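Next come the chains, spelled out residue by residue.
There are 2 protein chains.
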Amino acid sequence: MTIPERPHVVIVGAGFGGLHAARALKRADVRVTVIDRHNYHLFQPLLYQVGTATLSPSHIAYPIRAILRRQANTRVILADVVAVNTSDRQVRFRDGEIGYDYMILAAGATHSYFGHPEWEPHAPGLKSIEDALEIRRRILLAFEQAERETDEAKRRALLTFVIIGGGPTGVELAGAIGEMACKEMVRDFRTIDPRDTRTILVEAGPRILPSFAEELSVKAEASLTTLCVEVRKNSPVTSIQPGLVVIGQQRLDAATVLWAAGVAASPLARSLNAPLDSAGRVLVEPDLSVPGHPETFVIGDLAAFLHQTGKPLPGLAPVAVQQGRHAAQNVLRVCQGLSTVPFHYRERGTLATIGRAAAVAQFGTLKLSGTLAWIIWSWVHIFVLIGFRNRVRVFLEWVWAYVTRQRSARLITGHNERSGTQGL
Amino acid sequence: MTIPERPHVVIVGAGFGGLHAARALKRADVRVTVIDRHNYHLFQPLLYQVGTATLSPSHIAYPIRAILRRQANTRVILADVVAVNTSDRQVRFRDGEIGYDYMILAAGATHSYFGHPEWEPHAPGLKSIEDALEIRRRILLAFEQAERETDEAKRRALLTFVIIGGGPTGVELAGAIGEMACKEMVRDFRTIDPRDTRTILVEAGPRILPSFAEELSVKAEASLTTLCVEVRKNSPVTSIQPGLVVIGQQRLDAATVLWAAGVAASPLARSLNAPLDSAGRVLVEPDLSVPGHPETFVIGDLAAFLHQTGKPLPGLAPVAVQQGRHAAQNVLRVCQGLSTVPFHYRERGTLATIGRAAAVAQFGTLKLSGTLAWIIWSWVHIFVLIGFRNRVRVFLEWVWAYVTRQRSARLITGHNERSGTQGL
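Protein sequences, first through last, are from chains A and B. All letters in the first sequence, in the order written, are residues 1 to 424 by the working numbering. All letters in the second sequence, in the order written, are residues 425 to 848 by the working numbering.
The hints are all genuine.
Pairs of lysine to any residue, SDA-like flavour, derived with a Cα cap of 25 Å:
1. A:Lys127 / A:Arg23
2. B:Lys607 / B:Tyr826
3. B:Lys791 / B:Glu771
4. A:Lys127 / B:Asp555
5. A:Lys26 / B:Asp617
6. B:Lys450 / A:Asp188
7. A:Lys127 / A:Phe114
8. A:Lys26 / B:Thr828
9. A:Lys26 / B:Glu608
10. A:Lys26 / B:Thr615
11. A:Lys26 / A:Gly337
12. A:Lys154 / B:Gly520
13. A:Lys127 / B:Glu554
14. B:Lys450 / B:Gln495
15. B:Lys578 / A:Arg92
16. A:Lys367 / A:His344
17. A:Lys183 / B:Ala490
18. B:Lys607 / B:Leu676
19. B:Lys607 / A:Ala66
20. B:Lys450 / A:Thr404
21. A:Lys127 / A:Thr110
22. B:Lys551 / A:Gly414
FYI, nobody ran anything at the bench for these hints, they're computed from the structure. None of these values were measured; they are calculated from a predicted model.
Modelling step: build the complete structure from the supplied sequences, incorporating the hints.
Encoded structure:
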C-alpha cells in the first residue's frame, strides 16, 4: 500500500498572475511547481523606465526563487514551455516534460504587429528586459549619432522619435523621451541642441488613453505637449521600414520607431485545443477553467474573461493578481471535492503617468490629473513592487531623478552593428 | 588674416587615463575631443561585482558626456577608432576620421588567451559590461540547470566553476562565487544543495596574487578556503573545450569556466608603427610620448613604461590616472614651446578583496589582511567612483548585501541557446 502523493499543481509563468497563484497555495496540502523561462519576476508596469534610462533591470526584477524561498511546498524551475497537453496532463518544455494534476496557465502576452511581423526589427516593442535595453540603446544611440552627423536631413531623422500606440505604454515612452530631450540633456551636446528633437506619438484611434475618460485623454495630451511631444490621432500606420514610418499617406523620416500598439496572447494558448478569441486568448469559463478541463485554469493576459459588459477584461496587473488568487482557490476546492466558484473582478481604478509630476487617474467616477495623480501613481507602484529592497531603491532613484533631473542608467549596452562596440 | 585656431587635442579612450587627461585640460586654451566606443566611463575595479550579481551596470558606469558636461572646451564623440595615422595626424574611425594636433592614446587592453583564441567562447573574460553580464548569466544559469538535471555526473559538472588566473580579478571572482554557493543561496533550491558546488581557482605560477607580498598570498588563500574555494597552484591550463578544462594532465568537467589570466594591449597600438613590447604595448619615452612623435602620447594599459626597476608599470587604475594627468601637462608644455618632463609613478599601495570582510592590502612595507584591509578596500573604491550618486548607491548596495546576505542583481538576461529565453 502506498500513501497517495499530494496533488501536483503546475503554474506556468511567474508574472503577476502566476506568482500570486503560487503564494495563495503557500499553506495548502499540495506540491507546487512554478515554471518560467526567466529566473525573475518582472514588474512590467515600470519596464518603460528601464527603456528610458531611469531605472536598471535589477530594480524591477526579482529572482522567483528568492520570492518563494520560504514556501516549502513549492519548487521553481527555469524552463521554456512549448506546449501543454491537456489530455495527458503534461507540460512539454523544449528539453523535457513534467506531469500535473492541476494546471494554472499564466504565460502572458507578446507583441502583435497586426499581420506585419516584418515591422518588428524596425519598431521594437516593450515586453522583456532585453526589449527595454534595446529600446534604451536605440534612443541614446540616436542622440550620439546625431551629434556626429554632418548631413542635415540625416541629423533630423536621427532626432525624430516615433512611438506607435497611444495607450499607457506609448504615452509613458513618449513623455519620457520628450522630457529627456527637451529638459534634461540640454547641456550635454556641443553640435546638436536636444530641444530640436521631435517626439511623435501616433494613435490610430480618435484619442490617446482610450480606456480612460475622455477628459483625461485631453489632459494627458496637454501634458505631453508641454514635454515637446506631438500627438497625432486618427493616424493609422501603413508601413514601417528602416528609418521610415508611413502614416496614412505621409512619410516620416525617423531613425527610432517604437511599438506600443498591439498585444497578442502567448502562442501556448493554441496548444490547449480550447476556444480562443481573435487575439488568441483562451475563452475561459466563469471559474477561469478551460472548457471541458476542470483541472486546467488560464489567467491574466492569456485569458479572455468576459466581463458583465460582454467585453473581455483588460490585460492589467490587478486582473492577473485577482485571477491568480482565484484560480488557486478553485484548485483547492476541486481537490476537496467542492464545486468551483465564478470569478468577479473588483476594479479599483486605473492610472497612467506622463512625466515629471504629471499623470492621470480614474477611480470609478473620480477623475484626477496632474501632480496629485502623479503622487498616487508613484506610491501605488512603489507599494506593489516585490521586495522591500526594490521599493527603497526605486524610491531613492525617483527622488534623485526628480531633484537632479538626471537619469541614472544612460548606458548604451549590448552588441549591434549600428553601435560599433567591437574593434577598438 | 585668420585668427589661428586653438590646438586640437584628441583623447582616444575614456577609461581612467583618458578621462583624467581630459579633466586636466579643463581650463587650458585648447579644443579637446574625447572619443570612446562606449558612451560611458566604466569603473573596471568593480566589474567583477556585476559579474557576480552584487551590482548593476549603472552603478559602475557613468555617461562620459555627463562627466564632461561643464567642460566647455571639450566635445565627446561615440566612435570606434580603428587606426591612428601619426604621419598625417589623423584618427580613423570605422565610419569617418578626425585630425589632431596632439593625441593622447588611452585605448586600454583586452583579453589574451596566450595564442589560444579558440578558448574564448568557452572561458569568457571580464573587461566590458557585456562580458560581466555574460559571466553573471553563465554562473546563475548553471545553478538553475543543475536544479533540473537528473544525471549525477552532469549535475556535478554544472556545479563546478573553474576560474583561470590567480591575480586580483581571479581571486575576486572565485571568492564571490564561493560565497554565493556556500553561504547565500543555501535555502533557494529544492533538488541541489548549493554547498556541493566546487569553485576552483587555477594559477599557473607558484602562488596567487603574485604582485603582493608572499605572506598576503598565503592569507588570501586561507580566506578563499573558508569560502569553499579550492586553490590550485603551479597548474598551467593546457586545453579548454566546452564543459572541460585540462590542467596539466588532469581533466576537469566544468560547465562554467572563467578567464582571468591574460591581458593584451589594444590592437590600435600596432597602427602607430612604434616599438612595442611582447604584450603589444607601446614602449613610450620617459615623457610618455611615442618615439619620434613628440605630439603623440600613450598612457595606461596601452603603454609599456619602464619603471626604475626595468619592469613595465602594472596595468592599474592609479598608473593610468597619474599618466593621464601627466600627459595632459606635457601636451600643454609642448603647446607653450617648453620641453616635456619625464613621468614618475607615485605608488600609494595595492589592494585586493576576497569576500565578506576579507581582503589584503599592501602600503609600502605595511601589510594588512582581514576585516581592516576589507574596510580600507571598500572605502577606497567608493571614494574613487565617479559621480556622487554612484558612491551612495554602491555604498547602500554593499550595506544591504552585508546585512541580508542577498545579492541584488541575480538576473539571467540576454539571449543564448543555453538559456532558452525564446519560445514561451
